[in-house]
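Dock chain to chain to rebuild the complex, using the hints, since each chain is given by itself in its own frame.
Note that the protein sequences, when read in sequence, are chains A and B.
Counting from 1, position 121 in the first sequence corresponds to residue 121 in the working numbering; the numbering is continuous, with no gaps.
Counting from 1, position 178 in the second sequence corresponds to residue 178 in the working numbering; the numbering is continuous, with no gaps.
Since the hints were derived computationally from the structure, they do not count as laboratory data.
Incorrect hints may appear among the rest.
[Said to hold, decoys possible] Cut-off 20 Å, straight-line C-alpha distance, at most; resulting in silico cross-link-like pairs (SDA-like, lysine to any residue):
id : chain 1 : residue 1 : chain 2 : residue 2
1  : A       : K192      : A       : L151
2  : A       : K9        : B       : F176
3  : A       : K192      : B       : D156
4  : A       : K112      : B       : A252
5  : A       : K294      : B       : T97
6  : A       : K9        : B       : A252
7  : A       : K9        : B       : T171
8  : A       : K294      : B       : F99
9  : B       : K159      : A       : R10
10 : A       : K192      : B       : F176
11 : B       : K159      : B       : D128
12 : A       : K294      : B       : W7
13 : A       : K112      : B       : W7
14 : A       : K9        : B       : G95
15 : A       : K153      : B       : L37
16 : A       : K294      : B       : F93
17 : B       : K159      : B       : T171
18 : A       : K153      : B       : L26
19 : A       : K112      : B       : V260
20 : B       : K36       : A       : L147
21 : A       : K9        : B       : L173
22 : A       : K9        : B       : E162
23 : A       : K112      : A       : S196
24 : A       : K9        : B       : F93
25 : A       : K112      : B       : T11
26 : A       : K112      : B       : L10
27 : B       : K159      : A       : R296
28 : A       : K9        : B       : A170
29 : A       : K294      : B       : L154
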Amino acid sequence: MSTKTSSLKRWYVIAAPYLWLLVFFLIPFFIVFKLSLSDLATAIPPYVPVFSWSTGIREFISQLDFENYSFIFGDPLYVNAYFSSLKIAAISTVLTLLVAYPMAYGMARAPKSWQPTLLMLVILPFWTSFLIRIYAWIAILKPEGFLSMFLIKLGIISEPLQIMNTTTAVYIGIVYSYLPFMILPLYASLEKINPSLLEAAQDLGSQPWRAFWQITVPLSLPGVFAGCLLVFIPAVGEFVIPDLLGGSDTLMIGKTLWNEFFNNRDWPLSSAVAVILLLVLIIPIVIFQRQQEKVREAGR
Amino acid sequence: MNRRFSWFNLTSITLGFAFLYIPILLLVIYSFNESKLVTVWGGWSTKWYSSLLENQSLKDAAWVTLRVGFISATVATVLGTLAAITLVRMGRFPGRTLFSGMIFAPLVMPDVITGLSLLLVFVALGFDRGFWTITLAHITFTMCFAAVVVQARLQDFDKSIEEAAMDLGATPLGTFFQVTLPIIAPSVISAWLLSFTLSLDDLVIASFTTGPGATTLPMKIYSQVRLGVTPEINAISTILIGIVTTGVLAAAIFTRRQRVRAEREERWAFGATG
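Same shape as in the complex, but just chain B (with noise of 0.2 Å):
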């Protein structure tokens, strides 16, 4: 088998970038449009990013989402991890289908569901809707993401290790933090990074479970969107995709290099071992 680009392989892989990148690409250049008309082009011009610093609402409702994207993502990934965990280490216990029911279902549950069910819950509990249901909502369904994640992780790396690690004394917890936790680290890096971006992402759960004076983005970009495209949308939009895009590139590089890493340290320890 041959290891270049065939022809049909390099059109289709072609083809299917574009079709991915010329939308966002068109609303990035555009939101540096002059003319308030978002398709014709009017020359240059950062004057939509200006007139975003003084919107004030605009920078409240930023403010809301990162703080309840850096709080829920922490939370989801800790719960994650554990739940994953669970899934991969734990074998055969009480109410396990249930429990993985529970873990892959969220993955797929089209929003609108989840949006309404937790905000009755919210109801019936009693709690004052606002910041902080969205929090635990937005916790709800990102740790399901997260214990996908670290659970690839968990799943390729060697159980041998582990019990090494405690047949040389040491405890459960402190296998866990001395060897488990450094070896699964990129994964729930990417766990904490994945919850934040989809919880920065949500309109659909956050509308259904906020209350009065929580306003998050991406709900403040749908009413403006529902009145039609300007382009201050698409400065902002701008923003979001290169704070994202940054982030998801430093985090690729950075696990790249830890999983060289940790895989040259795995190996040594087998031929240290063994």
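Just chain A, same shape as in the assembly (with noise of 0.2 Å):
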């Protein structure tokens, strides 16, 4: 289409969703920015604006101030919440992808007829509720839920396990909700493998183990990374599933996020919690957008 429009036609398409994005996800981001630099006040909306129209440059630069900032570096709680999210989030990527490689890698080696129903068997609890998937997870773990009753049932532990409110159970929490994101990746650039050079490594004398490391594995590279970008990224920020199964043990900044807008009410704190937050994630954001365009231009 690109040759036969003229260059000004091709801005009716661009424009509606340009703007939009711009208007409703790029300008936003700016605003949190400001609003972070703001002093908490007793009013709706609950800040003292930084900028208006009518004060100038000078002023606007005078009145800025990073007390925001000052205060959660200053306060162990913040600091050891971001390092917790990215500890958290870092350890169930590892454990998503170690659960969700062998399916990928079942699925891509079934039979052709059955592939596109276990793709769809594994889609389908994605598109049913996030809140709904964890929720039913309160049932299994809570000390007198299935799990521990199972157990005992069977003889291997007399005492109820306590894995609700702890890490663990946000473990089992982001690996169940985030292993289709892994799975999807790895089976895609799973299946792309073409079988014959596992047969010529086997031809050529090649353990069956040692050809799954130095072919599979490294071709598989992209969807690996790809998942884990899929699952690390959102995990950091996850508000869900630590508020719901990790307890007032676990610490996340989602939740830290979360109540301070919601509980404390104060705006301008939680937006400098937001802004330092993307800061952290804007490198694998750019590094995940590169690498979708790469797959794009590879599409072509």
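Spelled out as structure tokens, the structure:
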């Protein structure tokens, strides 16, 4: 279409989504940043505006203050929340990869006629409510829940397990809800591997395990990479899972932000928390975008 | 390479699917539990479903959620399709990298950041918070998912069909409605369904952007879950799971049929022109 469409007409198509995203996605970040530099006030909305069109640029600069940021960096509670979010997200990403890889591998090696059905079965839970799937785990993990009851009945344990309201429950929750995001890119890259490569390796006397490490794993790395980013980035800022499964012991930044906003009603401070979270995530997000663009270019 | 299940592959698939589906199955089964204790079986009963029907605030929340989902999915699909055309067919234009960044970043952006920033923009613009601000917020994040779904299909199909139509004198707009849209229609429908379910599902962004009077179903469920597990939540969850499963399966069957037909027609078109 591009060859025939004049450049002015092209902009009719581009303008609507472009303007929408500028107004509702990009500009909001600047407002968050601006608000993070203002002070809390008991008003509606509860902050003192830093910049209005009537004040000049010089006044604007003189009013800026980094109070909220120095508060966050001065309080170990916030700093720990960032580090613990990164740690929990990293560990859960690795666990998700370990669960997803054998599944994606098995799917890619399954009979061709089965593959669309298996794919459908992976996608289906992703379409059912996130909140409901987390809720389902409460009934399983709580001390008088299904898991403890089942293991007691089997005689494996005598006391109920204490998993609910621990970090372990958060790991289980993240692995469970993000599993499809890991399986799909893994499957996509595993499915593309030409089986004759493995046959050739076998014919040349390579052990299956060695062939797996030297051929399958390297060729699946783009899928591993995409899957890990798709799990890791949103997991760092996750709110629902640590809130419902992690209890008060689990420190995660998404929960901190939520509490600052909804319980303490401190909009400027929660904005500052959001800005720092965004700065922490900006590098993985840019890598993710680059990678998606590359996939798109390769798909042509 | 043999194409039957090997022992190892079969085990890993079975265990994986057990992990994915057992929690959902338990939830559905125990929604039919007579006992008020969620984890103790007391016999079959549908009483929790009838008590749902009497819960007016839950029904109101469901109605708000459906309307938000319907409006936002429709607008998001239109914007997302335009965005997909921009990404795949427009080549280079000033600000292209920024544009693709704004399409891909929301896919992984933590909900708490999206929710907070959208709320602040609504306050800055002086919008009354409530039904419409939730809808605008949902359009914004679901249009990016819609764009990715449509983009995948646009990439697959041969651009020369569009060029052929234009060589034969069709206008770009005519080409889009008579050639491109029929071919990408299945992906546009999946994009709508995905946007709709994402909107039905969202708790965090809706909580930030709502105002007095507009409570969505996830917000309602969340406030009840915080008080503890109840068979009523199991019942409402089962209804939602049932609706979504039926919708997704129907869409999958429809899409597969459409795709087979579209591929056949595409081949036929090539046979006729070449």
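Structure-based check of each hint:
no., hint, result
1, A:K192 to A:L151, "violated, 41 Å"
2, A:K9 to B:F176, "holds, 14 Å"
3, A:K192 to B:D156, "holds, 16 Å"
4, A:K112 to B:A252, "holds, 17 Å"
5, A:K294 to B:T97, "holds, 12 Å"
6, A:K9 to B:A252, "violated, 35 Å"
7, A:K9 to B:T171, "holds, 12 Å"
8, A:K294 to B:F99, "holds, 15 Å"
9, B:K159 to A:R10, "holds, 17 Å"
10, A:K192 to B:F176, "violated, 32 Å"
11, B:K159 to B:D128, "violated, 45 Å"
12, A:K294 to B:W7, "violated, 36 Å"
13, A:K112 to B:W7, "holds, 17 Å"
14, A:K9 to B:G95, "holds, 17 Å"
15, A:K153 to B:L37, "holds, 18 Å"
16, A:K294 to B:F93, "holds, 18 Å"
17, B:K159 to B:T171, "holds, 15 Å"
18, A:K153 to B:L26, "holds, 17 Å"
19, A:K112 to B:V260, "holds, 16 Å"
20, B:K36 to A:L147, "holds, 19 Å"
21, A:K9 to B:L173, "holds, 10 Å"
22, A:K9 to B:E162, "holds, 17 Å"
23, A:K112 to A:S196, "holds, 16 Å"
24, A:K9 to B:F93, "holds, 13 Å"
25, A:K112 to B:T11, "holds, 18 Å"
26, A:K112 to B:L10, "holds, 14 Å"
27, B:K159 to A:R296, "holds, 15 Å"
28, A:K9 to B:A170, "holds, 15 Å"
29, A:K294 to B:L154, "holds, 16 Å"
In this structure, the hints that do not hold are numbers 1, 6, 10, 11 and 12, in rising order.
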